[in-house]
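Q: Throw the hints in and build the complete structure from the sequences for me.
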Amino acid sequence: MIVRGAWVLPVTHNPIRAGGVLIRDGVIKAVGSGRDLERAYPDEEILFFENEVIMPGFVNLHSHIEYSSLHKRCRRGSFTGWIQDMIRESRRMEDDDWVRSSGLGAREMVRSGVTCIGDITKTDTSFDAILDAGIRGVVFLEVIGFDDSVVEDIITGLIERIRRFRDRGDGRVRIGVSPHAPYTVSRRLFEAVGSVSSRMNLPVMTHLAETEDEERFVRDGEGIFAGSFKDIAGWKGVEWRGVGLSPASYLDACGLLSERTVVAHAVHVSDEDILLLKRRGVSIAHCPRSNRYLGVGDAPVKKILDMGINLGLGTDSLASVDSIDIFQEMRSIDPRVPPPTRIRMATINGAKALGMEDQTGSLEPGKCADIIAVTTEKDDPYNVYLSSRDDIRIVIAGGSVLYED
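Residue 142 in the UniProt record's numbering sits at position 142 of the sequence shown, and the numbers go up by one each step.
Please note: incorrect hints may appear among the correct ones.
Simulated restraints, written as ranges between beta carbons of each label pair [claimed, not checked]: (1) 96 with 222: 37 to 45 Å; (2) 24 with 335: 37 to 45 Å; (3) 168 with 404: 23 to 31 Å; (4) 30 with 200: 32 to 40 Å.
Once the Cα atoms are required to be at most 30 Å apart in a straight line, the calculated BS3-like pairs of lysine-lysine come out as [as the list claims (entries may be wrong)]: (5) 352 with 122; (6) 122 with 72; (7) 303 with 352; (8) 278 with 302; (9) 303 with 378; (10) 122 with 278; (11) 378 with 29; (12) 352 with 29; (13) 378 with 352; (14) 72 with 29; (15) 278 with 352; (16) 378 with 302; (17) 303 with 278.
I should point out that these hints are in silico values taken from the structure, not numbers from a laboratory. Computed from a predicted structure; not experimentally measured. Virtual Cβ for every residue (Gly too), placed ideally from N, Cα, C.
A: Take a look at the structure:
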């Protein structure tokens, strides 16, 4: 099959006007002039998109698809209010509710042109949802616990979860680990999860520096996370005095920062924190619309990019955004960031962060045929970021058509 369009946007190479992509057995075999490909392979089926940009499927670097059913059920503008609502609403969910919610989220990803995902799950329902949806990615198994007396039990359970999923997924869906955040995971648990990830060579994703309250909690042992939040979470008797470090330095002291690590948000990071993340080879998942929905501020994106850190793009969950739309995420990035960089953040940068850049994130021979066609009236193909999910005409993952308009 040859997919032709007004433009082919490989991402890692220059755009090709009137280009095409040859797909065989789910793999990209050639990228080039559409006419040249048709002449060279006259027996191939042709999918022709006259006004569309042919580009890689999006890589959503940070999501929680199991929370899709909580859309508009958690308050906006207050992170602590939102997380209290999340705890309350989650406790009302039954096992079947989580399965349905993850399925809904996976379908929303496909409809939005996402063909690869970094997803955090506490219920383990997103693994099969992503697999069934036909896309690829890494499912990060979440752990939470501030009581050191149960760390061994948590780690035993985590290893059982890893073994349950690790050999499934036909190579499309891999497993990682996710110690939730500095205000929900004890130092001992962080260190234990880091040890597991290192020993089993697993990727790690955690939430970092999302709020100013997190900084106060980690550094000084003060603020909302040291007070009423502990009561809500059920850790009333657990002591925490602060460690005199920023959240980033604290995670580094726990041995959690490495080239296998993705940190989500990184809103409240200092220049020293950014340098530390750069030295450790950490990738960052930028979630601009979720950050604004929750009122936590804007990440220093330009500074992070200028420092050379790998920065991908994530939506977070439908509990903290109005819709799953990577185009809106790209438009919400700092206006100083040029269009080609926005496109890279939504594709190859996310794939690199997940350790899947050899499979997806760009249109190159040998990679999986993860492709979308997007209608655009702009002559510059990089301005495709000004489109919307309603402009997607087809979504192909591994050579299979998952959505067609």
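Q: Against each hint, give a clear statement of whether it holds in the structure.
A: Hint check results:
1. Checked against the hint of 37 to 45 Å, the pair residue 96 and residue 222 passes, with Cβ atoms roughly 41 Å apart.
2. The supplied range of 37 to 45 Å is met by residue 24 and residue 335, whose beta-carbon atoms lie about 41 Å from each other.
3. For the pair residue 168 and residue 404, the beta carbons lie near 28 Å from each other, so the given range of 23 to 31 Å is met.
4. Checked against the given bound of 32 to 40 Å, the beta carbons of residue 30 and residue 200, roughly 37 Å apart, stay inside it.
5. At most 30 Å may separate the alpha-carbon atoms for a hinted pair to count; residue 352 and residue 122 meet this at roughly 24 Å.
6. In summary, the hint linking residue 122 to residue 72 is supported, as the alpha carbons are separated by about 20 Å, within the 30 Å threshold.
7. Taking the CA atoms of residue 303 and residue 352, the gap is about 20 Å. The hint holds against a cut of 30 Å.
8. A C-alpha spacing of about 14 Å is found between residue 278 and residue 302, which places the hinted pair at or below 30 Å, so the restraint holds.
9. At roughly 29 Å between alpha-carbon atoms, residue 303 and residue 378 fall within 30 Å of each other, so this suggested pair holds.
10. Taking the CA atoms of residue 122 and residue 278, the gap is near 29 Å; set against the 30 Å cutoff, the hint holds.
11. Straight-line distance between C-alpha atoms of residue 378 and residue 29 comes to about 28 Å, which keeps the hinted pair within the 30 Å bound.
12. A hinted pair counts as satisfied when its Cα atoms are at most 30 Å apart, and residue 352 with residue 29 qualifies at roughly 21 Å.
13. Proximity of residue 378 to residue 352 is assessed by CA-CA distance (about 28 Å); at most 30 Å being required, the pair is judged to hold.
14. At most 30 Å may separate the alpha-carbon atoms for a hinted pair to count; residue 72 and residue 29 exceed this at roughly 43 Å.
15. Distance check on the hinted pair: residue 278 and residue 352 sit about 15 Å apart at the alpha-carbon level, within 30 Å; holds.
16. Our distance criterion of 30 Å between C-alpha atoms is met by residue 378 and residue 302, whose separation comes to about 25 Å.
17. Taking the CA atoms of residue 303 and residue 278, the gap is near 12 Å; set against the 30 Å cutoff, the hint holds.
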